[in-house]
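Protein chains: 2
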Amino acid sequence: MEVRIAHSNLPRVVVIGGGFGGIHLVNKLRKFDVQVVVVDQYNFHQFQPLFYQVATSGLEPSSIIFPFRKMFQKNEHVHFRLAEVEKIDSANKEVLTNIGKISYDYLVVATGAGNNFFGNENIEKYALPMKSINESLRLRNVILERFEEALGYEEEERDPFLHFVIAGGGPTGTELAGTLAEMRSFVLPKDYPELDLSHMRISLIEGAPRVLAAMSEQSSQKAKEYLENLGVEIHLNTYVGDYDGKIITTRAGEIYEAHTLIWAAGIKANFVDGLPEETRGPGNRIWVNEYNLVKGFENVFAIGDVALMDGDPNYPKGHPQLAQAAIQQGNNLAKNIMAIVSNKPLTSFRYKNLGAMATVGRNKAVVELPRRKFAGFFAWLVWMLVHLRSILGIKNKWVVFMNWVWNYFTYNLSLRLIIKRKDE
Amino acid sequence: MEVRIAHSNLPRVVVIGGGFGGIHLVNKLRKFDVQVVVVDQYNFHQFQPLFYQVATSGLEPSSIIFPFRKMFQKNEHVHFRLAEVEKIDSANKEVLTNIGKISYDYLVVATGAGNNFFGNENIEKYALPMKSINESLRLRNVILERFEEALGYEEEERDPFLHFVIAGGGPTGTELAGTLAEMRSFVLPKDYPELDLSHMRISLIEGAPRVLAAMSEQSSQKAKEYLENLGVEIHLNTYVGDYDGKIITTRAGEIYEAHTLIWAAGIKANFVDGLPEETRGPGNRIWVNEYNLVKGFENVFAIGDVALMDGDPNYPKGHPQLAQAAIQQGNNLAKNIMAIVSNKPLTSFRYKNLGAMATVGRNKAVVELPRRKFAGFFAWLVWMLVHLRSILGIKNKWVVFMNWVWNYFTYNLSLRLIIKRKDE
Chain A
36 MEVRIAHSNL
46 PRVVVIGGGF
56 GGIHLVNKLR
66 KFDVQVVVVD
76 QYNFHQFQPL
86 FYQVATSGLE
96 PSSIIFPFRK
106 MFQKNEHVHF
116 RLAEVEKIDS
126 ANKEVLTNIG
136 KISYDYLVVA
146 TGAGNNFFGN
156 ENIEKYALPM
166 KSINESLRLR
176 NVILERFEEA
186 LGYEEEERDP
196 FLHFVIAGGG
206 PTGTELAGTL
216 AEMRSFVLPK
226 DYPELDLSHM
236 RISLIEGAPR
246 VLAAMSEQSS
256 QKAKEYLENL
266 GVEIHLNTYV
276 GDYDGKIITT
286 RAGEIYEAHT
296 LIWAAGIKAN
306 FVDGLPEETR
316 GPGNRIWVNE
326 YNLVKGFENV
336 FAIGDVALMD
346 GDPNYPKGHP
356 QLAQAAIQQG
366 NNLAKNIMAI
376 VSNKPLTSFR
386 YKNLGAMATV
396 GRNKAVVELP
406 RRKFAGFFAW
416 LVWMLVHLRS
426 ILGIKNKWVV
436 FMNWVWNYFT
446 YNLSLRLIIK
456 RKDE
Chain B
36 MEVRIAHSNL
46 PRVVVIGGGF
56 GGIHLVNKLR
66 KFDVQVVVVD
76 QYNFHQFQPL
86 FYQVATSGLE
96 PSSIIFPFRK
106 MFQKNEHVHF
116 RLAEVEKIDS
126 ANKEVLTNIG
136 KISYDYLVVA
146 TGAGNNFFGN
156 ENIEKYALPM
166 KSINESLRLR
176 NVILERFEEA
186 LGYEEEERDP
196 FLHFVIAGGG
206 PTGTELAGTL
216 AEMRSFVLPK
226 DYPELDLSHM
236 RISLIEGAPR
246 VLAAMSEQSS
256 QKAKEYLENL
266 GVEIHLNTYV
276 GDYDGKIITT
286 RAGEIYEAHT
296 LIWAAGIKAN
306 FVDGLPEETR
316 GPGNRIWVNE
326 YNLVKGFENV
336 FAIGDVALMD
346 GDPNYPKGHP
356 QLAQAAIQQG
366 NNLAKNIMAI
376 VSNKPLTSFR
386 YKNLGAMATV
396 GRNKAVVELP
406 RRKFAGFFAW
416 LVWMLVHLRS
426 ILGIKNKWVV
436 FMNWVWNYFT
446 YNLSLRLIIK
456 RKDE
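Protein chains in written order, with our numbering: chain A, 36 to 459; chain B, 36 to 459.
Hints should not be assumed to be uniformly reliable.
Same chains, same names: a pair is fine if it fits in one copy or spans any two.
[What the hints assert, rightly or not] In silico EDC-like cross-links for lysine to aspartate or glutamate, where the CA-CA straight-line distance does not exceed 16 Å: (1) K455 x E119; (2) K225 x E111; (3) K225 x E183; (4) K109 x E229; (5) K136 x E184; (6) K330 x E170; (7) K455 x E170; (8) K379 x E159; (9) K109 x D68; (10) K370 x E325; (11) K128 x E289; (12) K166 x E111; (13) K105 x E183; (14) K136 x D277; (15) K109 x E313; (16) K330 x D345; (17) K109 x E190; (18) K105 x E229; (19) K136 x E333.
FYI, nobody ran anything at the bench for these hints, they're computed from the structure. Remember, predicted model here, so these are calculated numbers, not experimental data.
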């Protein structure tokens, strides 16, 4: 069955995925003479960098997600379809989805990346990831439930309930560890006077020899210092080997007892069925050339976390899987699609590293710009400004800002709500 | 297993349910020398009167629910336990819950009321109720999904997807119908330019001869007029007989084709297992005397929607199941429990009707105070003020107020987000 979409004489560009790459691409394309169909399994764009604040009761989901239909309201050539993509049928130039087939002239795969459990089914079953708004909400519920559960046990049995282990010392793991540590200091003692929260532990496990391994030694060192001052236990050069929901065993055989393991240790690109196996590169990413064309195709592109570019001389192993790379590729691809449509020469993609940043807690962040590195209060302000600027929608910016101001002055993350279905 | 709660020499009052009655009771009790244990299946108080705004994408759940632990933070004698009550064992003065037994000196049943499907399993299975924040969120998801689904069909097949039938013309049904009608005018055409929304229908089915049957003829008439001007189809003297998810059959044999039936047609008190059958009155409510003492007991009370008082001369058939009655009973019972503890005489409960109100849409509401009835813009302002005043927490008041201002001026309910689990 064909998905019903208004007939148009314009060439049709189908975009799978409305993440950072997808929406920046569409944002540019909508000014041109193409019909755009955005397909996503959610009806909203998700602002991943702030998921950790949802998981720690600081922000509502609605503040950092944005409905696609609202985004595209004024663009009659842009159509949205809520659907899950099952397969690409490139021979017939069609995308097969759970609601039917969608034909394309040009296809852009912008499916991003999901969790990588490195093939360990136990970890997949028991660890809690945070790669979607749903997972972030579930994590919020679980974190709060651990304290409720702990109340039911004798003091000497409570420790595993109060031990939160985070696997992965990248920005997500670091930011989450810092926020949990601040909850322990400021919020939880007021909510749980019956628990001795000096028993609450936050452990950060990282395989590399330093946290924030993608940043400089200096920033890693600073972040580690911040975390340690907040009382986070850091275990470097350590990999999670297994987890049964109660006991974490590291590859070296060490043991941590914890009822909560949060998984921020690895991502795996969302390769799409139907593309030839030879386009699958390391990390499940799709090999593309310098125009983001999937190897062997003339009308199928991939951008963002899922794309692995062979052709940017400065990044021979592909670009970092960051919002910045996705956004830049989305913008460049929009230009190239228009160039193809109007028979003009294409522009090779060159990634421009705009810097990296991570926040650890109140007044504490590390920022690396191309020419400057800094840390502390000013870095924290920069981090907030950059994130506020990137959130979609004036209302969302305002709501997030007000929440931050509120939380900063009241020391009170106010969304400590366990909202879930009966059977969860 | 006994639920662990700090030992205290004070008499212990266990309160089942943190709705309007429960929290007003506790709010008073915490100033006295009793130990209070609040048991609820959620970790937050829910502000039911605004559920319909959550269901129609106008408010976030977090704006109208409030964590119990935050509420009781400063009261060392008040304890909260997240648990579902299974049974009352009055012989042993214990409440049995899914996390263990809780003993009491005094017990207050404040379990409120749930949905009444009048024994019809089909309706229970296919209709969508709105008596909890979860149900309201689910309704939000379903309403939005209907439009996404409709897109997949030919124009002549879309009507049942775009037909929203509401059973029950009380405040909930009326408010929901009005808001859906306004979404049809202001929000949905922008989101769904591909749908012809003149085909969207909103039908309100009410068994009584008028909507808002608990209010005066005059207010009913006004509300009906408002609804009709908004394009709501009203069917009075009509009862839903059956529903198979697609076809509603009324008791008189009429047929409405609609993929969505919203159930606001009846409530049924949440009687608690373990109380003697003779305490069960009409509507599943628990018979209490004028001190809210459950018939036959000296230390078990019931308040609010679940209580059916025999003894208020002005309300021989019991009080209306409204927030006001629950709040007044909670306040009066706090005084009486303290009177019992200190061997003082008890005060009979007398319900003071403070009035009733309902809103139908922008600038449209009906208000009945004891000495005055009015409708229109001023009534709408009063409605908003009274509701803002009743919402717990300064932040929530502020957030709800800002949302109302935003929605009023932008004509844009901004939370059109389908957030659900994969398997829903």
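Hints versus structure:
no.	hint	in the structure
1	K455 x E119	between (24 Å within a copy, 14 Å between copies)
2	K225 x E111	between (52 Å within a copy, 10 Å between copies)
3	K225 x E183	within (14 Å within a copy, 44 Å between copies)
4	K109 x E229	between (54 Å within a copy, 12 Å between copies)
5	K136 x E184	between (47 Å within a copy, 15 Å between copies)
6	K330 x E170	neither (33 Å within a copy, 48 Å between copies)
7	K455 x E170	both (12 Å within a copy, 10 Å between copies)
8	K379 x E159	neither (47 Å within a copy, 61 Å between copies)
9	K109 x D68	within (15 Å within a copy, 62 Å between copies)
10	K370 x E325	within (13 Å within a copy, 77 Å between copies)
11	K128 x E289	neither (52 Å within a copy, 48 Å between copies)
12	K166 x E111	neither (31 Å within a copy, 39 Å between copies)
13	K105 x E183	between (39 Å within a copy, 14 Å between copies)
14	K136 x D277	neither (41 Å within a copy, 36 Å between copies)
15	K109 x E313	neither (40 Å within a copy, 63 Å between copies)
16	K330 x D345	within (9 Å within a copy, 80 Å between copies)
17	K109 x E190	neither (59 Å within a copy, 22 Å between copies)
18	K105 x E229	between (46 Å within a copy, 14 Å between copies)
19	K136 x E333	neither (20 Å within a copy, 68 Å between copies)
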